[in-house]
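Novice: Sequence:
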Amino acid sequence: RTLRDEGVVRKEERDKLRWALLAKIESCYGRVKLLRGVFDAGFCFGLLYPISNIVAGVSIAGAMSVDDPDNEPVPAASFPKRRKTDVIGDMHQRSLNGLVAFLAALFPYLTEPKAMWYLNKEELDPLVAARLIIQHRGMEQSFGFKSDTTAAAVELALRCAAAAAQHPCPKQFASAWKLLSHFLGSVATVLSGPCVTFDRFQSAEIIDILLKKHQPSDFSLEKSWDLASCRLLKLSPDLFGEVMGFPERSTMRRMLLATIHGYYLQALARLPKEKLRSQYHHSLL
1 RTLRDEGVVR
11 KEERDKLRWA
21 LLAKIESCYG
31 RVKLLRGVFD
41 AGFCFGLLYP
51 ISNIVAGVSI
61 AGAMSVDDPD
71 NEPVPAASFP
81 KRRKTDVIGD
91 MHQRSLNGLV
101 AFLAALFPYL
111 TEPKAMWYLN
121 KEELDPLVAA
131 RLIIQHRGME
141 QSFGFKSDTT
151 AAAVELALRC
161 AAAAAQHPCP
171 KQFASAWKLL
181 SHFLGSVATV
191 LSGPCVTFDR
201 FQSAEIIDIL
211 LKKHQPSDFS
221 LEKSWDLASC
231 RLLKLSPDLF
241 GEVMGFPERS
251 TMRRMLLATI
261 HGYYLQALAR
271 LPKEKLRSQY
281 HHSLL
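285 is the number that full-length UniProt numbering gives the last residue of the sequence shown; the numbers go up by one with no jumps.
Quick caveat, the hints were computed from the structure, so don't treat them as lab data.
Mixed in with the good hints, there may be bad ones.
[What the hints assert, rightly or not] With a Cα cut of at most 25 Å, we get these calculated PhoX-like pairs of lysine-lysine:
1. Lys212 - Lys223
2. Lys171 - Lys223
3. Lys121 - Lys223
4. Lys146 - Lys171
5. Lys24 - Lys121
6. Lys121 - Lys11
7. Lys24 - Lys234
[Claimed, not checked] Simulated DEER-style distance windows between Cβ atoms:
8. Lys234 - Ala267: 23 to 31 Å
9. Leu271 - Glu140: 37 to 45 Å
10. Lys146 - Thr259: 23 to 31 Å
11. Asp218 - Lys275: 25 to 33 Å
Just so you know, these numbers come straight off a predicted model, no measurement behind them.
Even glycine gets a Cβ: it sits at the ideal position worked out from N, Cα and C.
Hey, can you work out the whole structure from these sequences and the hints?
Specialist: Shown next, in the form of structure tokens:
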């Protein structure tokens, strides 16, 4: 019989998740006070809490449009001037697209409905959702939070998120977070609070970090994971029970199919090319 793909979610359930997330995203934007440029630069995804990510995103856009006072090229990640584009689509939907893309890029075989499910449970917090996925999959010992591989994966996930949200400069967006990752404790302190009132002093502190003459070239994720772990600990015990009951068989099925596909590729690589085309391909089917 045909195996049912448990990753398929009914349209009604998907729509319910989507509207719940959009309502939370709208609430996040509503809690950011006096913030110019929110609707074309600030998104809920990044290395901090969603509201802080919105403000950091606007500061990143500010750094991308700042000229060097000596008429020299802007240092750091060589930020170009941000293109003046019209807002494309609804900002809430763009943030949602970016949040889902971040998790999907970071975790292979994670379906869109399941990514939305985790984001809904974790109040849109992308790194807390990532921590919970790691815990849920039993990856705590093998994930390598501080490894170069994880750093590269997080950088790629940020670029994918920015592209999905139609950010004008996804590469520079990810590069800016790479720079901020080395000062995340300070940035989190500046942007702390249940409601964020954006002012030029907060923005100036973040922009100063982005425009430093000597910048590290790597990602520093230790502080971001530590902060995410602290936020995760604030969850109620009931949530952990609910998460652990969430089915993972569809994920395992996709992983096994990919593993089998990998074995086929290895076998193909060992076979003689001339016989593969004329003889062996029949048995491989």
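Novice: Take the hints in turn and mark each one as holding or not.
Specialist: Hint-by-hint comparison with the structure:
1. For the given pair, Lys212 sits about 20 Å from Lys223 by alpha-carbon distance, which is consistent with the 25 Å threshold.
2. Our distance criterion of 25 Å between C-alpha atoms is met by Lys171 and Lys223, whose separation comes to about 22 Å.
3. With a C-alpha separation of about 22 Å, the suggested pair Lys121 and Lys223 falls inside the 25 Å cut-off, and the hint holds.
4. For the hint pairing Lys146 with Lys171, the CA-to-CA distance comes to about 22 Å; that is within 25 Å, so the pair holds.
5. Under the criterion of a C-alpha separation no larger than 25 Å, the hint pairing Lys24 with Lys121 is consistent with the structure, at around 11 Å.
6. A threshold of 25 Å between alpha carbons decides the hint, and for Lys121 with Lys11 the separation of about 19 Å falls inside it, so the pair holds.
7. Proposed proximity of Lys24 and Lys234 is supported: the alpha carbons are some 18 Å apart, at most 25 Å.
8. Distance hint for Lys234 and Ala267: a CB-CB separation of about 49 Å, inconsistent with the stated range 23 to 31 Å.
9. Look at Leu271 against Glu140: about 39 Å separates their beta carbons, and that is inside 37 to 45 Å.
10. Range check, Lys146 to Thr259: about 26 Å between beta-carbon atoms, so the 23 to 31 Å window is met.
11. Between Asp218 and Lys275 the Cβ separation comes to about 46 Å, which falls outside the hinted range of 25 to 33 Å.
The structure fails hints 8, 11 (numbered hints given earlier, in ascending order).
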